[in-house]
Amino acid sequence: MSEKPVPSARRRAAPVHQPEGFKAEYDAFEPRFAAGVDNLMLAMFGIENRGGDASDIRRRLLSTLGGPQGPDVLEHGGVHEGYGPSGEIWFAYWRDPAAYDRWTAQSGIEELFADAALLDGPLGLWREYGLLSLDHHETSGSRPDDLTGIATIADAVAITEIHGYWGSARDRLVAAAEDPLDAELNLVPKDRGLRTLGVRLRVSPPHNICLIRTSQDVNRAGPEQMAWYRNEVEPTFLTGLRYLRENGEASGCIGGRFVIEKDDEGCDAGRSCAVAYFTSLGTLEAWTHRHPTHEAIMASFINMVRQFQGEPGLHLWHEVSVFPRGTLSGDYVNCTVDGGLLRLAADPEG
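The opening position of the sequence shown corresponds to residue 1 in my numbering, with each subsequent residue numbered one higher.
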């Protein structure tokens, strides 16, 4: 039986930012989808725990996610202390947005979020969900296997030549060939003491909000590589994320979380991810291209690659999505402002 042909890359325009004659020193891989697959659905669900028993709400949430028309991919983790409100998070991906709509209508998720009992106590429930236009999305990583997130539901994974230089993420975005994807929100709102506990809030973000989810997988790292990652790379990465979380007005970062991913038994999966919202792709680029904290991250990664050249070790992926107006929403029940889109919420009535 012959193998299925690998779908072509969606982007046809020549890369604008790639230096003439440039060739990356290492391979990078991108997911490819068959013709006719234009949109996916991403929903992140979280339980915020300020000191209570979350077993019942966890059971109810997982019951909805495990039902008919549920997600094609479900990944889970715990928020790392100090990098978002304490609690759990689930990353759910649907290849067919219509299946997500059917799931929403019949799974009981709406009834769960409407439960008045959630408005009181030390637990919060939230979701952030968006239609992922593949023309407004790019993903790349360092290996074609051990995939995560969107890549796990792609039709194929193929090498991309558009990587390894500043501006390559924008060059991989189909929509960016004709649209600068500029921000509608120019500044992250200051903390204004918004009342969020004991209330239910919905956020409809402005045009072109940008989401990045990174993936750091150390499952193939030997003891020496693991020690190097834990002692050199990860602390530098967390310093950069801390800067973003604490300097939203300067960095354009609306909110960010660092997640230690878990397997089906709740054990450490050997993988972590950072999830952060920016006012636009441009503000994300400004941090990655020019800020000392990101320069330090890149230097630490490169040093590890050079130290363990030829060994698989650290596996890196990322997903970057730009959401046109009306394609991204957030719902929060009895949650604190920290971490996600809630800083953009209007003041609750009453």
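In short, the hints are calculated from the structure, not lab data.
Be aware that a few hints might be false.
Computed beta-carbon distance windows for the label pairs [unchecked claim]:
no.	residue 1	residue 2	range
1	24	192	19 to 29 Å
2	235	114	34 to 44 Å
3	17	115	29 to 39 Å
4	197	110	17 to 27 Å
Note that the Cβ used here is the ideal one computed from N, Cα and C, for glycine as well.
Tested hints:
A C-beta distance of roughly 44 Å is found between residue 24 and residue 192, which places it outside the suggested range of 19 to 29 Å. Distance hint for residue 235 and residue 114: a CB-CB separation of about 42 Å, consistent with the stated range 34 to 44 Å. Between residue 17 and residue 115 the CB atoms are about 48 Å apart, so this pair departs from the stated range of 29 to 39 Å. Between residue 197 and residue 110 the beta carbons are some 22 Å apart, a value that agrees with the proposed interval 17 to 27 Å.
Hint violations for this structure: numbers 1 and 3, all remaining hints satisfied.
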